[in-house]
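Protein chains in written order, with numbering that gives the first Met the number 0: chain A, 0 to 54; chain B, 0 to 221; chain C, 0 to 236.
A couple of the hints might just be wrong.
What follows is a list of derived Cβ distance ranges for each label pair [said to hold, decoys possible]:
1. C:Gly-17 - B:Leu-60: 48 to 58 Å
2. B:Leu-43 - C:Tyr-36: 33 to 43 Å
3. A:Leu-20 - B:Leu-117: 46 to 56 Å
4. C:Tyr-36 - A:Leu-20: 16 to 26 Å
5. C:Pro-168 - A:Val-30: 30 to 40 Å
6. A:Ala-23 - C:His-10: 24 to 34 Å
7. A:Gly-5 - B:Leu-43: 46 to 56 Å
8. A:Thr-26 - B:Leu-114: 50 to 60 Å
9. B:Pro-124 - C:Gly-69: 40 to 50 Å
10. B:Asn-191 - A:Ala-8: 43 to 53 Å
11. B:Leu-60 - C:Ile-25: 17 to 27 Å
12. C:Pro-84 - A:Glu-44: 42 to 52 Å
FYI, nobody ran anything at the bench for these hints, they're computed from the structure.
By construction, the Cβ of each residue, glycine as well, lies at the ideal position given by its N, Cα and C atoms.
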Amino acid sequence: MNFDMGTYAAYIWPAYGVSALALACVTIWTVVAWRRAKARLAALEKSQGPAAQKP
Amino acid sequence: MRAFTTLLLRDIKLAARSGGGAALALSFFALVATLVPLGVGPDLRLLARMAGGVLWVAAVLAALLSLDRLFQGDFEDGSLDLIALSPLPLELTALAKIAAHWLSTGLPLALLSPLLALLFNLAPPATLILFVSLLIGTPAVSAVGAIGASLTLSLKRGGLILPLIILPLLAPVVIFGAGAVALSLDGLGAGNALGLLAAFAFAAMLLSPFAAAASVRLNLGG
Amino acid sequence: MNFLFRYANPHHFMRLSGAVLPFTAIAALLCLGAGFYLGFSAPPDYQQGRTVLLMFIHVPAATMAMGVYGALAFCSLLSLVWRHPLSDTAARAAAPLGALFTALGLVTGSLWGKPMWGTYWVWDARLTSFLLLLFVYIGYMALWNAIEDEVRAARAAAILALVGAVNIPIIKFSVEWWNTLHQGESIVSGKLAPVFLAPLLLMMAGYAFLFVSLWMIRIRTAILERRARNLMQAGAR
C-alpha cells in the first residue's frame, strides 16, 4: 500500500480520520445502547417474576 | 362554498385583531431590510445585487412569524374540533386558512416590497420582477408553512421547531424568487424563473391542504 | 408486500435480524478493509492525484445520506398507508444514521474541495443540497422528540418524511438551477478509471453493510426498550 500523500496529506488523513472516528463512535454507541436495553429488560423480567411474561 | 368564505373571512379578521395582522409581518420585513445594510455597508451597487436575495429571505421569515398560530388558536379553544366536524372537508378548511394567511401576510409583504427595494437601489425593472415573484411565491410559503403549522399545532413551544421543519422545504421558493430578480438585473429574461416559481407555488397550493388536513386529523386524535 | 408484513411481528424481526446480523457485520468489515487496501494500493489519478482517495469516503457517505432517507421515507409510507407496525420504529432508528452520513459527506466534501479549488466550502449544487438534507434530517428527528405522544409523533414524523421525500428532488433541481445561474463549480467531474472502480464499490458496499447492521441493532434496541416500558407499566398496576 502506498501511503505517500505528498501535499495532500493534510486533507486526506483528517478526512479518513474523521470518517473512521465517526463510524467507530456510532457503532460503539449503538452497541452500548443495545447492551443497556438488554440488561434493563433482563433485570425487569427477573424482578417481576414469571407472572410478567406477557407479550 | 359559503362555509369556505366564512372561514376565510373569519381567519382574516382574527389575524387582524390579534397581533395586528399584517402590521407585525410588515414591520419585521422592514426592520430586516434596514438591518442588512447596517451589516454589510452602504455600498449601493452591492446592495442592489443583494436586494433580491435579502428581501426574499426577509419576506419568508416575516411570513413565518404568524404561522405557528395558524391552527393552534383553534386547537386550544376547541374550535378546531368543531370545524373538523363541519360538512366542509378538512382539506378545504386548510386551504381557507392558507388563503387567509396569505391575504394577511404574503400579499402585504409583496405590496411593501417595491418601497424596500428603493432602500437597496434596485433598478425599476428588477423591482417589478421582485414584486411579481413575491406575489407568486408567498402563497407557496403559506402553503408549505401550513404543513409545518399543522404538524406542530399541539406543541406549546412549537414555534421553535416550525422554522426548522419548513425552511429547507422553502429553499426552492427562495432560489427561484431571488433568481428571477438576479436574472432581471443581468438583463436576462426572468420568465423561466418565474415559471418555475409559479409551478412550485401551484403544486404547493394543490398538495399541502392534503398534508395539512392529515396532520390536523392525527392531532385531533383521529 | 406479504414478506414485509411477515416480519412486522417483533418476535420474527428479532429472530431474523439476529440471524442476519453476524453476516452483515462481517461483510461490512471485509468490504471496508478490502476497499481501504485497494484504494491505497492504487496509483494516483491522472487529474486529481492522490486526492482521489477522498472520493472513496466521500461518495459512499453521500450515497448513504440519500439512500437512508429513501429507506426512511419508504418506512414512513408503510407506516401511514399500510399501518405496518414496525416501520415507525425503523424510520426513527434510521434517521440519526442518515444524518451522520450526511455530515460526513459534508466534511469529506469540504476537505476534498480545499485542495481542488482552495476553499473549504463552495456553494456547489451537491454540497448545498447535502447541507439542506442535513437540516431535513434534523427537523425530522426534532419532530419525533418534540411530540410527547408516541403514536402521534410517529404519524406526524411519517407525514413530514413523505413531504420531505416529495420535496427533496425539487430542492436538488432548484439548487442545480441556482448553481448554473451563478456559475458555480462542480465537485465531481470526468470519468472514473477502472482501477478506482473496485475500491469505490467495495467502500460503498462496506458503508451499506455497516448501515444495515447498525440499523438492525437500533431497531432491536427499540423493541427491547418498548418491552421494558410495557413491563414497567404492567408492574405498576
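Could you check the hint for me, namely that Pro-84 (chain C) and Glu-44 (chain A) are 42 to 52 Å apart, CB to CB? Violated, at about 22 Å.
Evaluate the given range 43 to 53 Å for the C-beta pair formed by Asn-191 (chain B) and Ala-8 (chain A). Holds - the Cβ-Cβ distance for Asn-191 (chain B) and Ala-8 (chain A), about 45 Å, lies within 43 to 53 Å.
Return holds or violated for the Cβ distance of Pro-124 (chain B) and Gly-69 (chain C) against the range 40 to 50 Å. 43 Å, holds
Is 30 to 40 Å respected by the C-beta to C-beta distance linking Pro-168 (chain C) and Val-30 (chain A)? 35 Å, holds
Given the hint of 17 to 27 Å, is the C-beta distance from Leu-60 (chain B) to Ile-25 (chain C) inside that range or not? 50 Å, violated
Cβ separation of Leu-43 (chain B) and Tyr-36 (chain C), checked against the hinted range 33 to 43 Å: 59 Å, violated
Beta-carbon spacing of Tyr-36 (chain C) to Leu-20 (chain A) - inside the hinted bounds 16 to 26 Å or not: Cβ of Tyr-36 (chain C) to Cβ of Leu-20 (chain A): about 20 Å, so the range 16 to 26 Å holds.
Is 46 to 56 Å right for how far apart the beta carbons of Gly-5 (chain A) and Leu-43 (chain B) are? Since the Cβ atoms of Gly-5 (chain A) and Leu-43 (chain B) sit about 47 Å apart, the hinted range of 46 to 56 Å holds.
Per the hint of 50 to 60 Å, is the separation of the Cβ atoms of Thr-26 (chain A) and Leu-114 (chain B) within bounds? 57 Å, holds
Holds or violated: 46 to 56 Å for the Cβ distance of Leu-20 (chain A) and Leu-117 (chain B)? 52 Å, holds
Taking the Cβ atom of Ala-23 (chain A) and the Cβ atom of His-10 (chain C), is their distance within the range 24 to 34 Å? 31 Å, holds
For the range 48 to 58 Å, tell me whether the beta carbons of Gly-17 (chain C) and Leu-60 (chain B) fit it or not. 49 Å, holds
Figure legend: structure checked against the earlier numbered hints; hints not met, in rising order: 2, 11 and 12.
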